[in-house]
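Sequence lines, in order, name chains A and B. Residue numbers for the first sequence, in numbering that gives the first Met the number 0: 0 to 481. Residue numbers for the second sequence, in numbering that gives the first Met the number 0: 0 to 421.
Please note: incorrect hints may appear among the correct ones.
[Claimed, not checked] With a Cα cut of at most 20 angstroms, we get these calculated EDC-like pairs of lysine to aspartate or glutamate:
#1 LYS68(A) - GLU117(A)
#2 LYS417(A) - GLU87(B)
#3 LYS172(B) - ASP99(B)
#4 LYS81(B) - ASP48(A)
#5 LYS172(B) - ASP162(B)
#6 LYS172(B) - GLU180(A)
[Unchecked claim] Pulled a few chain A residues facing chain B out of the computed Cβ check, cut under 10 angstroms:
#7 MET173
#8 GLU261
#9 ALA416
Since the hints were made in silico from the structure, they are not lab data. Even for Gly, the Cβ is constructed at its ideal location relative to N, Cα and C.
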Amino acid sequence: MRILMVSPYPPQRDGIANYTAQSVAALMREGHEVVVLSPQPSAAHQHLDFMAGPRSWAAMSRRVRGFDKLVIQWHPAFFYRNSSISDRSAIDLAMAGVFKLVPQVEIWVHEYEYAEVEASAIRRRAATLAFSQVDRIVFHSESERDMFLEAVPVDRSRTALSQHGHAFLPRTSMTREQARESLGITPEAFTFLCIGFIQRHKGFDRAVRAFARLGDSPQARLDVVGSTRLEEPEFLAYLNELEWLTGGDPRTTLHAGYVSDELFDRWILASDVVVLPYREIWSSGVLERAALFDRPVIATRVGGLEEQAAHRRVTFVDDDLALAQAMADAAGLLLDPEDVGTLGGELDELPWAELQQAVVRRAAALRGGELRSRTSPAASTPARRDDDLDRASLLVRRVPPYVTPAPTSTRPGVPAAKRLIQRLTAWQVSPLVSRVDHLQAATANSLALLAEQIRDLRASSDADRTSGAERANDQPVDEAQD
Amino acid sequence: MSGITPDQRTGRLGIVPARFGPKIVGGAEIVLRHIAEGLQGRGWDVEILTTAATDYFAWENDQPVGTALEDGLTVRRFEAVKSTPGTERSVLGHRMLAGDRLSLAEQERWMNDDVRVPDLYHHLLLHANEYRALVFGPYLFWPSYACSQVAPDKSLLWTCLHDEAAAYQDIYKPLLSGVAGLFLQTEPEHELAHAIHPQLAPHAVVGCGVEVPESYDPDHFRQQYGVTGPYVLYAGRREGAKGWDELLTHFGHAVLQRGLDLRLVTMGAGEVRPPAGLEDRVIDVGFLPDADRNDAYAGALAYVQPSRYEAFSRTIMESWLAGRPVVGIAEGGVVRHHVQTSQGGLVYDDAEEFAEALAVLVNHPHLAEQMGSRGREYVMARYQWDIVLDGIEENIIEWTPAPTGALAAPGRTTGRVTGVDS
Numbered sequence: 000m001r002i003l004m005v006s007p008y009p010p011q012r013d014g015i016a017n018y019t020a021q022s023v024a025a026l027m028r029e030g031h032e033v034v035v036l037s038p039q040p041s042a043a044h045q046h047l048d049f050m051a052g053p054r055s056w057a058a059m060s061r062r063v064r065g066f067d068k069l070v071i072q073w074h075p076a077f078f079y080r081n082s083s084i085s086d087r088s089a090i091d092l093a094m095a096g097v098f099k100l101v102p103q104v105e106i107w108v109h110e111y112e113y114a115e116v117e118a119s120a121i122r123r124r125a126a127t128l129a130f131s132q133v134d135r136i137v138f139h140s141e142s143e144r145d146m147f148l149e150a151v152p153v154d155r156s157r158t159a160l161s162q163h164g165h166a167f168l169p170r171t172s173m174t175r176e177q178a179r180e181s182l183g184i185t186p187e188a189f190t191f192l193c194i195g196f197i198q199r200h201k202g203f204d205r206a207v208r209a210f211a212r213l214g215d216s217p218q219a220r221l222d223v224v225g226s227t228r229l230e231e232p233e234f235l236a237y238l239n240e241l242e243w244l245t246g247g248d249p250r251t252t253l254h255a256g257y258v259s260d261e262l263f264d265r266w267i268l269a270s271d272v273v274v275l276p277y278r279e280i281w282s283s284g285v286l287e288r289a290a291l292f293d294r295p296v297i298a299t300r301v302g303g304l305e306e307q308a309a310h311r312r313v314t315f316v317d318d319d320l321a322l323a324q325a326m327a328d329a330a331g332l333l334l335d336p337e338d339v340g341t342l343g344g345e346l347d348e349l350p351w352a353e354l355q356q357a358v359v360r361r362a363a364a365l366r367g368g369e370l371r372s373r374t375s376p377a378a379s380t381p382a383r384r385d386d387d388l389d390r391a392s393l394l395v396r397r398v399p400p401y402v403t404p405a406p407t408s409t410r411p412g413v414p415a416a417k418r419l420i421q422r423l424t425a426w427q428v429s430p431l432v433s434r435v436d437h438l439q440a441a442t443a444n445s446l447a448l449l450a451e452q453i454r455d456l457r458a459s460s461d462a463d464r465t466s467g468a469e470r471a472n473d474q475p476v477d478e479a480q481d
Numbered sequence: 000m001s002g003i004t005p006d007q008r009t010g011r012l013g014i015v016p017a018r019f020g021p022k023i024v025g026g027a028e029i030v031l032r033h034i035a036e037g038l039q040g041r042g043w044d045v046e047i048l049t050t051a052a053t054d055y056f057a058w059e060n061d062q063p064v065g066t067a068l069e070d071g072l073t074v075r076r077f078e079a080v081k082s083t084p085g086t087e088r089s090v091l092g093h094r095m096l097a098g099d100r101l102s103l104a105e106q107e108r109w110m111n112d113d114v115r116v117p118d119l120y121h122h123l124l125l126h127a128n129e130y131r132a133l134v135f136g137p138y139l140f141w142p143s144y145a146c147s148q149v150a151p152d153k154s155l156l157w158t159c160l161h162d163e164a165a166a167y168q169d170i171y172k173p174l175l176s177g178v179a180g181l182f183l184q185t186e187p188e189h190e191l192a193h194a195i196h197p198q199l200a201p202h203a204v205v206g207c208g209v210e211v212p213e214s215y216d217p218d219h220f221r222q223q224y225g226v227t228g229p230y231v232l233y234a235g236r237r238e239g240a241k242g243w244d245e246l247l248t249h250f251g252h253a254v255l256q257r258g259l260d261l262r263l264v265t266m267g268a269g270e271v272r273p274p275a276g277l278e279d280r281v282i283d284v285g286f287l288p289d290a291d292r293n294d295a296y297a298g299a300l301a302y303v304q305p306s307r308y309e310a311f312s313r314t315i316m317e318s319w320l321a322g323r324p325v326v327g328i329a330e331g332g333v334v335r336h337h338v339q340t341s342q343g344g345l346v347y348d349d350a351e352e353f354a355e356a357l358a359v360l361v362n363h364p365h366l367a368e369q370m371g372s373r374g375r376e377y378v379m380a381r382y383q384w385d386i387v388l389d390g391i392e393e394n395i396i397e398w399t400p401a402p403t404g405a406l407a408a409p410g411r412t413t414g415r416v417t418g419v420d421s
């Protein structure tokens, strides 16, 4: 059978890309002729930029000819260029036209925008029209299928369930000891791991905050590993927030950077517990890979994770306190007693002033301003105070520089037009960009200057205190008694 | 000679250069060819996995796709695909060179907006298990980057790491930390690898081999190519990344301002573009047969090496074997390391030092002879293929487990393929 597979593909860093490569290998071994088409250039045989909207589906109508089957690995981010209902509906309709041209269409749903589709009758009709042309729609969990059918009412008999990790193979052949050594994890360390794309719905910040509530535990560590899927402001802002949060505790580290499939598996193998503190998700490739290496998992009870987990070693939690408690239990630690007191539902009994303090402190923690347990010895050392001062300007300095968007497009002539527009508007845009850069530098420099002055003041205050104490010690006992 | 026994040479080795052929100009490609031939000669079952393209600039598929026996080696060629205009790669590459921080997405686009080899990727996706080890190289190219990650536990890298902007990009970290082993050629390359990636994959400095010609005939070269008077030689790709433009500038300074009576003979690929006033001083002899190439080295006053980005620099070894000194760029580490260690030449940091170094050699021929002689001793003592292959074999055996079952058949020294299939 000739199959056209549409999906992101290696070497692009993406769990779905990795999943697809393993599926393609399985299909090829079965004797099928498989051609892979990816949204960006990759190891796929073809590529097509779906960000051109309905036009790209016009191109698809030419590409699908001659194939017996079209298989799409579905994630909204691959196919929709913005959140406009009319644009997405137009794309759905264009897709429906393409699906009619192929004898068989199969879609594997990894994520779907249920709420958005349910909220718009137009979008719902367009999506239903598109998916009613599909012969087989595959989900990873029953609840995900139910949600989908509620939003997009198509014939249930055309849907199917597939175990998420059925085609997964380990990508590292290291032993656990080798993996830990290669990642700089000491044998006695207890390592919590959050890994995957860095985006708010993954909730890695929750794990950092929960970890901060663990009592004194020098051997415990939390590693947050991943990169942003897109270099867009909301993703970068979340990355910045994580940098700030993890910078607050020497036991937590953010490894923001490229993670290959091999490195991904190596981290999982090296960890003691994999933490999935997701705010929302339907299925998780990380959970599958953790099972592949027999690593225990702590996960929030969201989406279809509980169904997916089945009998695997997963502890499910429902809120942040339970997350912290599960992490503490896993590492054999106790939660910070103060946290237990203020978070454990005893707020009613607190005097008003303490209640107010608890509220202030919790809010600060949620903002990332006060993360460490107040009993943490690291919090009060002079070195730690200096680090905090340095981080004040770091936050500003780490705002990524403005980068002019690349003038690319699959439509003929558009790159040239974009380049022309860039040239024509450069005289206006460039000074603004320069101005923003200067403001960023000036703000960072001002904060650095302030930090320097605070450091001087602290040094002088510490010196005064020391000399005062020495003077007091030098006084004769009887004089002091007077 | 190696202590490896024949029964240890089990399993097929895939050697994966981006290009393969007798006329390829490119250090890593030539070296991988020698490694393949050497390992096959020692009894390993070797297969070349490469593209159907041989030209570094055009990447046209000028060889048939499929499997064939070429000069005794089984060569499996795959289509090189260049379906993107490369303009974004160029823009991003310039930003990278200027020291800009590229985002991961930009690094990926930079990598994929160039030649890709999807069929090689899929061949490995399906057949990686049929190989004991896959030797990729150099680190910079798409096949090494993308295909070494298909079976990282079998992937070895003939690294060729240079102190260049690309080496510091995040996308290469998994490659250098997660494959089964890294072959490094010099101590400076080893130090650089550690400096860039603190947690390196298993690695070894194995050096690099250089063939020793039986004899040289510099007069034959002069007669054959009409070269008269003293000359310095440059062999390699004529492009900015190799320091060609800078060499032309420095050479112009040496002959036009310093007044040295020299010509610059160059062989290899790429446009020559001599600046005004140097048109008759720069002589392009194109691609040369091996014997003529060796004679060209022997006839030169010195070999000039302007490239900062060298992992080994086999051309300076070839010059030393011919008994001629090297005038090499100091920045970059590897060339300076060789010249300092061997005392087989001089290094320079700018146009004045370049001209001065040449002037010393012009005015003191006996010094040039001494340096050339020391250089030859240096190469003969360190960079012979037998020694290098010993190291490669030992590490293949250490880093990759011997196959079992049907795949464990001992290596074959005869080709398995007699024709071409596509």
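Hint-by-hint comparison with the structure:
Annotation: proposed proximity of LYS68(A) to GLU117(A) is violated, straight-line Cα distance about 29 angstroms (limit 20 angstroms). A hinted pair counts as satisfied when its Cα atoms are at most 20 angstroms apart, and LYS417(A) with GLU87(B) qualifies at roughly 13 angstroms. Between LYS172(B) and ASP99(B), the direct Cα distance comes to roughly 18 angstroms. Compliance with the 20 angstroms bound is thereby established for this hinted pair. Distance hint between LYS81(B) and ASP48(A) is fulfilled; the C-alpha atoms sit about 16 angstroms from each other, no more than 20 angstroms.
Pair hint LYS172(B) plus ASP162(B) holds up; C-alpha atoms about 14 angstroms apart against a cutoff of 20 angstroms. This hinted pair checks out: LYS172(B) and GLU180(A) have alpha carbons roughly 16 angstroms apart, not beyond 20 angstroms. Against a cut-off of 10 angstroms between C-beta atoms, the interface hint on MET173(A) holds, since the closest Cβ of chain B lies about 8 angstroms away. Hint status for GLU261(A) relative to chain B: holds, with the closest Cβ pair at about 4 angstroms, below 10 angstroms.
Interface restraint check for ALA416(A): the shortest CB-CB distance to chain B comes to about 14 angstroms, outside 10 angstroms, so the restraint is violated.
Figure legend: structure checked against the earlier numbered hints; hints not met, in rising order: 1 and 9.
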